[in-house]
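Number of protein chains: 4
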Amino acid sequence: MRVRRAETIFGFVGSNVMEIPKPLRGVITAMITPLNDRDTLDHAGLERLIEHLIAGGVHGLFILGTTGEAPGLSYRLRAELIERTCKQVADRLPVIVGITDTAFVEAAKLASKAGKFGAQAVVASAPYYFPASQVELLDYLEHLAAEVPLPLLLYNTPTNTRHTFQPSTVLRAADIPNVIGLKDSGGNMTYFHSVVELLKDRPDFTLLVGPEELMAEAVMLGAHGGMCGGSNFCPQLYVRLYDAAVASDLDQIRILHSRVMRISSTIYRVGRYDSSYLKGLKCAVSLLGICEDFMAEPFRAFASAERAKVRQHMVEQGLLPSLA
Amino acid sequence: MRVRRAETIFGFVGSNVMEIPKPLRGVITAMITPLNDRDTLDHAGLERLIEHLIAGGVHGLFILGTTGEAPGLSYRLRAELIERTCKQVADRLPVIVGITDTAFVEAAKLASKAGKFGAQAVVASAPYYFPASQVELLDYLEHLAAEVPLPLLLYNTPTNTRHTFQPSTVLRAADIPNVIGLKDSGGNMTYFHSVVELLKDRPDFTLLVGPEELMAEAVMLGAHGGMCGGSNFCPQLYVRLYDAAVASDLDQIRILHSRVMRISSTIYRVGRYDSSYLKGLKCAVSLLGICEDFMAEPFRAFASAERAKVRQHMVEQGLLPSLA
Amino acid sequence: MRVRRAETIFGFVGSNVMEIPKPLRGVITAMITPLNDRDTLDHAGLERLIEHLIAGGVHGLFILGTTGEAPGLSYRLRAELIERTCKQVADRLPVIVGITDTAFVEAAKLASKAGKFGAQAVVASAPYYFPASQVELLDYLEHLAAEVPLPLLLYNTPTNTRHTFQPSTVLRAADIPNVIGLKDSGGNMTYFHSVVELLKDRPDFTLLVGPEELMAEAVMLGAHGGMCGGSNFCPQLYVRLYDAAVASDLDQIRILHSRVMRISSTIYRVGRYDSSYLKGLKCAVSLLGICEDFMAEPFRAFASAERAKVRQHMVEQGLLPSLA
Amino acid sequence: MRVRRAETIFGFVGSNVMEIPKPLRGVITAMITPLNDRDTLDHAGLERLIEHLIAGGVHGLFILGTTGEAPGLSYRLRAELIERTCKQVADRLPVIVGITDTAFVEAAKLASKAGKFGAQAVVASAPYYFPASQVELLDYLEHLAAEVPLPLLLYNTPTNTRHTFQPSTVLRAADIPNVIGLKDSGGNMTYFHSVVELLKDRPDFTLLVGPEELMAEAVMLGAHGGMCGGSNFCPQLYVRLYDAAVASDLDQIRILHSRVMRISSTIYRVGRYDSSYLKGLKCAVSLLGICEDFMAEPFRAFASAERAKVRQHMVEQGLLPSLA
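Protein sequence lines correspond, in order, to chains Y, U, D and E.
Note that the numbering used here gives residue 94 to position 93 of the first sequence, counting from 1, and the numbers run on in steps of one.
Note that the numbering used here gives residue 22 to position 21 of the second sequence, counting from 1, and the numbers run on in steps of one.
Note that the numbering used here gives residue 121 to position 120 of the third sequence, counting from 1, and the numbers run on in steps of one.
Note that the numbering used here gives residue 125 to position 124 of the fourth sequence, counting from 1, and the numbers run on in steps of one.
FYI, nobody ran anything at the bench for these hints, they're computed from the structure.
Careful, some of the hints might be misleading.
Pairs involving identical chains hold if they fit within one copy or between any two copies, as the list cannot separate such chains.
Said to hold, decoys possible - Lysine-lysine pairs mimicking DSBU-like chemistry, simulated, CA-CA at most 30 Å apart:
(1) K201 <-> K310
(2) K88 <-> K110
(3) K117 <-> K23
(4) K88 <-> K117
(5) K23 <-> K201
(6) K23 <-> K110
Predicted model only: the values in this text are computed from it and were never measured.
Just chain Y, with the same shape it has in the complex (with noise of 0.2 Å):
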C-alpha cells in the first residue's frame, strides 16, 4: 500500500513490478560485485552468482552494499550491475539496491536507475563524510525519501559512516511514507533491541541484521532476517539458519550457528588487515569457480599464500572438495 503511494507520488508506475514485501523476511544476500577488472563487470561471474545463489534458496538480493563494495565502484559501473542483475534476476526474488552517497544527488539518481531497471527497494545509509547531528540526519532522509522512486530502507553502519541512527531517528523517519525499514550493520545488539522495542507496534516496518554471526539472535528475537555476506558462497547454511531461527529449533540454531562462526573466525581472519572480510570472502567465492575476486581499489584481491589458506578452511570446513 505504502509502496503504491510512493509511486503515485513520485510518477512511477512499473506495470511488472513485483511489490516487495512489507515485512521483508529472510536472508538477503548483502552480493559480492564480480568484476573483472578496475571498472569492468565480470558479466558471466555475475550470472552465475546470481543463479547459485537463487539456487541456494536466499529470498532477496541486496546489491552495492558494503560487501558489494559500492562506494569504491563508479556510477556507470554501478548503473550496470543494477540493470544485469534485475534482468537476470527477472523478478524470481526482491533485488534491494544501495545508494548510499556522500552527495544527495548521486543517491537520488542511483534510486532512479533502480527504479528504472526494476528493483523493488533502495537502502541509504547516512551521507558519510561531513559529521551530521540527529536532527541533519532525519532531514536528510526525508528529502532523500522524498525523491526515490522506491521503498527505502535505512543502513545503519556505523563502523563505514560513523553516523548512526539513533532508535530514535529509526521511529520518526518510519513515518516518512515510503520509509520500510532498517538494516542494522551497528553489531551492537542491545542498539538492535532497543529499536525492535520501539517499533513493536509497527509490524510492517522490516528490521534486518547486517553481520552473519548475529543473524540468529536477532531473527529469534525480533528481527525479520539478516544480509549475510557468507550466503555468497554457501547460501543453503544461512537460509538453514534464518529457517531454525523462525521455527525456534534451538538445537539446529546452534549448530548452524556454530559453523557460521567458524567461518568468520578462519576464512573472514586470513591476511593482516581491517579488509580482510572481504577479501577473504571473495576468495571463498572465487575458489568455488563462481567468479574472480578481482577487488576495486583500494584493495586487492589475496596473493597465493593468503589464498591457499581460504582454501584449507574451506576444505576443513566441507565447504569445497579437497581435491577442488
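Starting from the known structure of chain Y, fit chains U, D and E onto it as the hints suggest.
Frame of chain Y, contents of chains U, D and E only:
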C-alpha cells in the same frame, strides 16, 4: 581442582571456603555500592540489598565492578565493602570481587583482601590508563594471576578501559592456572561468539556476558550466565529470563527479554549524560526503599525531576506500586 | 620538471599551462562553493568570490575540498565548478582541485577534467569508506598518481576520512613522480613536524597546513603555506599573517593570530553541531554580499537567529560595518 | 595571594613554603619515576636524576604524571616519591605533583601528602574510568579544589583519559580560587589557542603545553612553558629552546626544534607499541647512567635489541659519547 592448585601455590588455605563452580552459571548481580556519603558505606542499605538479592534468587554477587562504581571509591571503602559483603552473604552465594586497577600493586592488594575475607573469585580488566598491546596485556595477566590467591575472571570492557582482550589473548590466558573465565561487557556479540567458538573445548571456562540486554541470546548460544545490573532492583526478572534461556523456552524468553529492553529503554535513559544507566539504576533501587542513591564523584544522584520520571517508568512497568 | 614528465607520461600537453611552483607557497583559499540550490551553482556569486579572493591577495585557490562541500556535490556540478573557476581565474593564480573520492574511477575522472580545464594541480585524500592499511593506501596513491595528468598533493584529513597518511607513507609517496606535496588538515602539529623532519631533504615538496588556526606556527617551522577557510571572507588577514610568518615578525604574528583565533572562537562556533564551522563561514561570506549561503545536504544554511549572531560577531570584529 | 587564601581555607600553613609563581614559567620536567622493581623506588637514581635536572637548568619538576607512570604505581610508592623528591629538591625548584585518580578520595589524599611534604602545586585531570559530561567535570573540579591544600593545575590529556576539558570549562574552572592553570597534553593546538584566546584577560593563569614537540610554537603564541619529557635526559636542549622562544629568536628556535623532532622521530619510535615513547625515554635516561629503566606494569623495559637502537640514535645525535 584448579582452584585448589592456586590455593596451594599461593599459600591460601581457607577451611570453610566455598569452591566456585566451574563454570559459574546463572545471574550474577553486578551490585551497586550503597553509599551514605562520598566515603561512607550505607551499612543498613548494603544488608537490605544483599538480602533482597538472595531472596530474589540470583546465583552470585559481583561487587566492585563498573556498576559498583569501584574506580570511584577509596581503597578503604572497597576493602570494607568486601569484608561486609562476604560476612553478610556468609557463603550462601559466591562473591566475586572486582580488582581492576591501573596499578598492579593495588589490584593485587584488593585480591589479597578478597581472599582474606572469603570471596570466591576476583575479576580484572586491563590496566586502563596507558595503551597496551595484546602482548603486554597477556604479560600483565600472567603476572597478576600469579599474585592473586583466588580464581580470576577476565573482564573485557573496552568502553571503559579502551582495551579489548582479543579472542586469541583470552584463549592464551585460559591456560594460566587460576584464570577461570571471562566476563564480556563489550556489547559486541560477534566478539563474544568468537570467544565461545575458540574456547569450545574448554567447557569449564566460565563465559559471562555483561549487558543484561544481551543475556538471553548469549545464554542460548554458549554463555553460562550474565552479570545483570538490573537484577539489583528486580532480580526475579533476570533469574526467570536466565531460566527460560537455559530451558530454550523462546516464547517465555521473548516476553521477559522485552521487559528487560523496556527497562533499558526507559529507566536507563532518564538523564542527559552517558551516566544515565548508573544513575537510573541506583535511583530505582532507592525508590524501592533498599538504600540511598548517593553516588561517588564524578556523579550525583538524580534530582527530583529525573527521580519522578524513574518512578513513573517503574509504576508503568509494574516494578513499583503506584502509591509508593 | 616533474610536472612536465607527468604531462609526457600521461599524454597531457597544454600549451598555455601555468606551471605550479615547487614548492607552492602562500595562502591558498580552501574555497566555499557558492550554490543557489542543491544542484545549481551560483554563477554570479562564484565570479564575485573569485575576484574578491584575487583582490585580497591570496596565492592560490583550492576548490572542491572539505570547505567546498565537495563530497556533497554532484559530479556534474563539480565539473562545472572546475571549468568556471579555471575560466574566471584565467591563470592569474594556481587552481588546485580536490578529487578525493571513494571510487578510484571517479577520482581519476575529476582529475582528467581538472587537467582539461587548465587547473594546476589536484589534491586527493584516502578513499574513505573502507578501512585501509598504510600498505594499501600507498598502493592506492601509486595507482591514482599514474592516472592523474597533473601534479598531485596528498590530503591528510583523518577527521573526515578516518585515515592518516603516516609520515613514513608520505615519505614513500613523495617518490612518486607527480606527487608534489601534502596538505595536512589533521590538526596534529606533532604529526606535521614529523613530516617536516622526514622530508627535510626535499625542499621542493610542498607542505601546507589545513586549519587556519595553525598556519602561523606551521609556516614559522617549515610549512610553505596554509589553506585557510577564513580567507574566503577576509583574505587580507590571512595573507598578512602569512607574510608576517615568512618575515618572522612575531609581534605582528601575535596580533594577527589572535584575530584568527577570535574568528575561530566566535563565528565558527555559532550553531550547535559539528558543522558550525562550515555554516558560519558560508554565512559570513553571504553577509558580505558575495554569494548566497545555500548548503548542500546534509546541511542547511543558518536560520535568522544564528545569522544575526554571525553578523554581530563580524561587526564586533570590524569585519562588517555596523549598519550592513 | 590566592595560594595563601587556599592555605587559610584549608588550614594548611607551611612556614617555609616557596610560593609558586603566577604564572609558572619555563621548562617543567615531566619526571620519570626511577624504579628498581615493581614497588621499589630507585633512591640513588632519583637523587641523581633530580640533580641532573637542576644542573640542567629546568624551572620545575612535575612528578607523578603520565611520563612518571603514576597510574601504574602503588599509593605507598607515590607518597614516598613525593616525600623524597621534595626533600631532595629542598625548595630549589617548584615541585608539582600529579594527583589524577579515578577515586576522588585518593586524589585528595595525594594532594594532602603533596601539601604535607612541601610541594608547590598539584595537577589533576578528569577522573577517567566513567564517561563524564562537562557539567559533571566542572562539578568534580569544584569539589576537588575545595579539598586540595595547594594550588591546582588542570591536566587536559584526552588520549589517556578520554575526557577533554572544553575551553569554556577551563574558563569557568579558572574562577575556582586555587585553580591556577592548565597543562594541555592533548596535542591539539587549535584547542590550546582557543584556551589562550578565552583566558587572555587572565595573565596570572598558567598555561603549559604537554608534548615537547609543541613547546616552541606554544610559547611563542601564549604559553608560559612546557612539561617536556625529553628534558629528563637532555634538559639543556629544552631549556635553550624555551629561552629562544621567549626571546622570539626564530633562527635558534628552528635549529633546536629540529633537534627535538629528531629525538621524537627516532628515540621515541623504537619499539612496536604505543608505549614506545615511555620506554624510549626511560631507556635513554638509563643509558646516561642516571637510573635503571625498570617499568611498572603493564610495561617492560626495552630488551637489548631496542636498547641498542636507542643508544645508536643517541650517539648519532650527540646525546651520548660513541663509546659510552
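Hint-by-hint comparison with the structure:
1. K201 <-> K310: Between copies, since 22 Å is at most 30 Å while 44 Å is not.
2. K88 <-> K110: both (19 Å within a copy, 28 Å between copies)
3. K117 <-> K23: within (21 Å within a copy, 49 Å between copies)
4. K88 <-> K117: Intra 11 Å, inter 37 Å, cutoff 30 Å: intra-copy only.
5. K23 <-> K201: within (14 Å within a copy, 39 Å between copies)
6. K23 <-> K110: within (25 Å within a copy, 40 Å between copies)
Going through the hint list in order, the structure satisfies each hint without exception.
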